[in-house]
Amino acid sequence: DVKVTQSSRYLVKRTGEKVFLECVQDMDHENMFWYRQDPGLGLRLIYFSYDVKMKEKGDIPEGYSVSREKKERFSLILESASTNQTSMYLCASRREATYGYTFGSGTRLTVV
Amino acid sequence: RKEVEQDPGPFNVPEGATVAFNCTYSNSASQSFFWYRQDCRKEPKLLMSVYSSGNEDGRFTAQLNRASQYISLLIRDSKLSDSATYLCVVMYRDDKIIFGKGTRLHILP
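Top line first, the protein sequences correspond to chains H and F. Offset between the first sequence (1-based) and this note's numbering: plus 9. Offset between the second sequence (1-based) and this note's numbering: plus 266.
Watch out, some of these pointers could steer you wrong.
Said to hold, decoys possible - According to the in silico footprint, chain F covers these stretches of chain H (three or more CB under 8 Å from chain F):
no.	segment
1	47-61
2	101-113
As the list claims (entries may be wrong) - Here are the computed lysine-lysine pairs in the DSSO-like style, where the Cα-Cα straight-line distance is at most 30 Å:
no.	chain 1	residue 1	chain 2	residue 2
3	H	K62	H	K79
4	F	K345	H	K80
5	F	K311	H	K66
6	H	K27	H	K64
7	F	K308	F	K362
8	H	K27	F	K308
9	F	K345	H	K64
10	H	K22	H	K80
11	F	K362	H	K66
12	F	K367	F	K308
13	H	K79	H	K27
14	H	K22	F	K367
15	H	K22	H	K66
16	F	K367	H	K64
17	H	K62	F	K362
18	H	K22	F	K311
19	H	K79	H	K22
20	F	K345	H	K66
21	F	K367	H	K12
22	H	K27	H	K80
23	H	K80	H	K64
24	H	K27	F	K345
25	F	K311	H	K62
26	H	K62	H	K22
27	H	K12	F	K362
28	H	K12	H	K80
No lab work stands behind these hints, which were simulated from the structure alone. Heads up, the beta-carbon is just placed ideally off N, CA and C, and yes, glycines get one too.
Please take these sequences and the hints and turn them into a complete structure.
Written as structure tokens, this is what we have:
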């Protein structure tokens with residue numbers, strides 16, 4: 010089974026801090042994604058990457074950036090955390106377009 | 267019309283009953299379809315892909331109706347452990363992926 014590992018399950022950060030959320034997958038998947046999930050809003054795509062060094066904006070990229078230096082690792086960066094970025098962050102990977110995602114267990118981030 | 271729409275529920279169903287829910291999508295240029303299951307405070311997990319001819323996996327049956335632009339999930343002989351939120355996922359030909367907001371299912375003992 011593909012394993013997608015997110016570095017932290019729960020995180021509390023202060024407003025203005027730079028926050029790094031790490032995601033690693035172990036099955037050589039090309040595609041990786043970052044979503045946030047909020048009650049009533051569902052899953053919203055922040056950024057995605059189809060290859061190393063490649064990144065594309067999703068639907069809500071503002072306030073975020075990403076890094077994909079190695080195929081297995083896709084990092085989400087909150088440049089200056091704000092309280093409206095309090096959310097559940099989910100990383101996902103997939104082999105290719107017609108396959109479903111495998112999600113990491115999520116990082117519940119609280120910005121105070 | 268929303269791109270992917272699901273009845274949020276909750277569906278409260280007695281154990282052993284059959285339950286079905288639909289998901290409608292607005293863009294006819296949709297390529298792939300999936301059902302995911304998400305337990306409370308956990309990540310979504312792929313339940314099954316949905317094929318044009320319909321497909322079955324144990325107690326679960328997924329169907330696709332392209333003409334009416336909806337997919338369905340049928341759960342037979344429901345178990346307490348089926349309680350979860352079920353997310354519909356639609357992928358368009360340009361590889362855009364849209365998640366529905368989910369349907370909450372509660373199986374009652």
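Self-check item: Those earlier numbered hints the structure runs against, lowest number first
Solution: Hints 4, 9, 20, 24 contradicted; others consistent.
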